[in-house]
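Chains as they are written, first to last, in the UniProt record's numbering: chain C, 1 to 335; chain L, 1 to 335; chain F, 1 to 335.
It should be emphasised that the hints constitute simulated quantities derived from the structure, not laboratory data. Everything numeric in this text was worked out from a predicted model, so none of it was measured. Warning: the hint list may mix true and false statements.
Said to hold, decoys possible - Just some of the chain C residues that point at chain F, by a computed CB distance under 8 Å:
#1 Lys50
#2 Thr73
#3 Glu75
#4 Ile171
#5 Arg282
#6 Ser318
#7 Ala322
#8 Gln325
Claimed, not checked - Residues of chain F placed beyond 12 Å of chain C at every Cβ, according to the derived structure:
#9 Asp103
#10 Asn107
#11 Asn224
#12 Glu287
What the hints assert, rightly or not - Listed next, with one range per pair, are the computed distances between beta-carbon atoms:
#13 Thr206/L - Asp89/C: 46 to 56 Å
#14 His329/L - Ala197/F: 41 to 51 Å
#15 Asp211/L - Thr206/F: 33 to 43 Å
#16 His329/L - His329/C: 31 to 41 Å
Every residue, glycine too, gets a C-beta built ideally from N, C-alpha and C.
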Amino acid sequence: MTTDPSQLQLTADGRLKHFLTTEGLSKALLTEILDTADSFISTQERAVKKVPLLRGKTVVNLFFENSTRTRSTFELAATRLSADILNLDIQRSATAKGETLMDTLWNLEAMYSDMFVVRHADSGAAHFIAEQVTPNVAIINAGDGRHAHPTQAMLDMLTIRRHKQQIEGQIVAIVGDILHSRVARSQIHALLALGAAEVRVVGPATLLPKDIESLGAKAYYDLNLALRDCDVVIMLRLQKERMQNALLPSESEFFKLYGLTTDKLALAKPDAIVMHPGPINRGVEIESAVADGPQSVILNQVSYGIAVRMAVMAMAMSGQQASQQEALHSTEAAE
Amino acid sequence: MTTDPSQLQLTADGRLKHFLTTEGLSKALLTEILDTADSFISTQERAVKKVPLLRGKTVVNLFFENSTRTRSTFELAATRLSADILNLDIQRSATAKGETLMDTLWNLEAMYSDMFVVRHADSGAAHFIAEQVTPNVAIINAGDGRHAHPTQAMLDMLTIRRHKQQIEGQIVAIVGDILHSRVARSQIHALLALGAAEVRVVGPATLLPKDIESLGAKAYYDLNLALRDCDVVIMLRLQKERMQNALLPSESEFFKLYGLTTDKLALAKPDAIVMHPGPINRGVEIESAVADGPQSVILNQVSYGIAVRMAVMAMAMSGQQASQQEALHSTEAAE
Amino acid sequence: MTTDPSQLQLTADGRLKHFLTTEGLSKALLTEILDTADSFISTQERAVKKVPLLRGKTVVNLFFENSTRTRSTFELAATRLSADILNLDIQRSATAKGETLMDTLWNLEAMYSDMFVVRHADSGAAHFIAEQVTPNVAIINAGDGRHAHPTQAMLDMLTIRRHKQQIEGQIVAIVGDILHSRVARSQIHALLALGAAEVRVVGPATLLPKDIESLGAKAYYDLNLALRDCDVVIMLRLQKERMQNALLPSESEFFKLYGLTTDKLALAKPDAIVMHPGPINRGVEIESAVADGPQSVILNQVSYGIAVRMAVMAMAMSGQQASQQEALHSTEAAE
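The shape of chain C in the complex, shown without the other chains:
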């Protein structure tokens, strides 16, 4: 009954109609996202930052898990596409009055909503909604459990492409709490599809899932070894709020072994770039001298994040509409 997400998110002719995961997407499609995002960086540098691509469309922010930062970036992206936005405080909504989640979603669909931006603590939530609940609403995954965070991964790809010219051939290290990171999974899929030479995942044994190498990454327990010859160093946020106890000795112990310092960064290539999805914990994952230093592109990631979200929203809306038009025509032809 469950469809492969890479299929579910595409129209019959291979265009995006949802954006659920980077897994299974072709290099061509991922590149189209990056190219579209590039064009939106230019529009945001103009005096009037808006384009009318989603004018008159209704985008609903469905954040089951609170994240002011991510919600704000989606809200700004939708605004700059001229969409109308409904921020739904799901904790105070009808679901709280005993209505089922599916009824809530069907109601929102009946209000002529065009797109749901979904963040949920359960892996697979966005996929489930796109497949089982409201397949005619474009679903954008803004993070589901430990599974995926595809817009974050794509803004990271855009950052690498803009600062290293291309993704092909790069050696990339992803450092920290891989176990709880939906970002890392989405990054690995995208990096390999886009031709990265090598993806290294680095962390203590307790935070490195056994099966991670099956995705095509290489596991390292020693940061110093992992940094050798790296072009790109991606530091992850310690997901303290999602961490069960005893997985981590202490923050200062973690920093000593896996925190990025100027000294350690010197082991990577001299022109290596340093990334972090934010919000950063200074002195835990990363030293301030590195976070604010010349090799850091952390704030550039934030800027590119809006452009990437604009890109996937515009592409998914366009694909979703084409798909609905087609369904309408084939129904009419059959009658």
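Could you slot chains L and F onto chain C? The hints should help.
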């Protein structure tokens, strides 16, 4: 001192300038609301769902009683009329700092607000504001105590008209907690004004107010009897949050006697439609097989709800402005 | 290292690029703000209240201290300039996840924000942000600690000018809790720069700071004496939430000595106007007969407040952009 609400909400030449209640409104005016709403259903089915009728107007959502669902539908309606919306969290506002409610409203009026959408736990609150506090702001009643919920009633009328062609001649049963229902009162007034053949109110004696027949409805204690020959069955939500104890034996007992099941629905006309204002309590007021079945028009109600709210907002704003222009001219003429 | 705020908020050629304080601003610039605000009063009285001056700009409401009233007026002002607004609930944001405040602000800047409206419990917060954190974002001070509340002061100036024709030559009394009032400080600077004949500050010794006369105001402990020959009486709000204990005997005692009544108001000039920044505490600072009486212009203040905020936002945005263009050109010329 208190004006008849049906007069208060109309201009000198009989146009809507507030929307407080369906009581006392003429068949012609109620029909005008439905016709206007019909036109907004079409605009919402277009690629760009917006019309510029309220461009540059400020609509303030004043929800003294929390209701995410209803607030969202008004917010979407205002957005699709191109209004600017201010959502006021009244619990955190200046009223909390010791300011009187009237001062808060006068302040909002002084900010050049054009319309207040008011929801309040006290019967008569919207009426009081329209008459005593801010008569030059168009007031839309989004539910006041047990008194009225006129936009809900009008979306129900639109649903009946679109699915049964006309309201004239229909036999309508309203089932459940009539006592606490502002919706039922507003429905009875609108149904009778629009020519329904018979309105039946159905529920246990504890939830059927003694005076309900004075409105023109017929009381039934037996659902099976009440459903006979019905064209339209409207199930109400059990207002558990507003219910004092001991009015209800138990939810399962209630469902056994008054819950709508496939078997019971078979007692109504074969083409009867089933409605519910939502959010629904599955297995309490209604069986899932009925709620999701072919005779249910529950999700259509939600869609029509946006169109009806657009209609009364556009009509009231237009009437309010005409009324202010006229007052201005008569003042000038008198000088 | 710290720049004089009056310099910091101006471009090289003396135009506004932030709005942090009225202190140190020239009569010409203050008058330009009032003239610009006057023009926005007219636009708000039109059927469509909006002008496209900030179209495509992103304004972020950064309220570290909650104030629904003030936030609403800034939100309406930005909306009527056609800006896009992001309301950041700073208590729930990334700062709460351990991110530093500076990282939060840098992130917002990286999202191509154009303007921050800042309210903060610490004196100097807006100044610090404008100087040290995000100098290329236009900062509007919406109240910082006990220091300044310059938009409130300017709306008071506009009120005086519109109701007394000019500020030059007026005798103004500011009455109540001067000690905790950022409003009073901003008013004194603006009044003296704009040519008021005399500014009297009136209150109990415990609420009159010793150094207030150094600003150019005259201290009075007796309200009856202070009101003699006054053209303008400004009542301040008792900042109960900011007051340490023992500064105030009791509210009724305060009202007896410093509350404005019809009798006391008769001591001022017969055409004196009465002002209050709101929200008012009826029967504490002011008697209802005065607040609602013919000499009160309290609700006019609210109306002018939107226009003044539109004026400083439009002027600061324009100056900020000119300043950035210039910096760009001089960098290019140097290369």
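query: Which hints from the list above does the structure break, by number from lowest to highest?
result: Result: hints 4, 6, 7, 8, 9, 10, 13, 15, 16 break, sorted rising.
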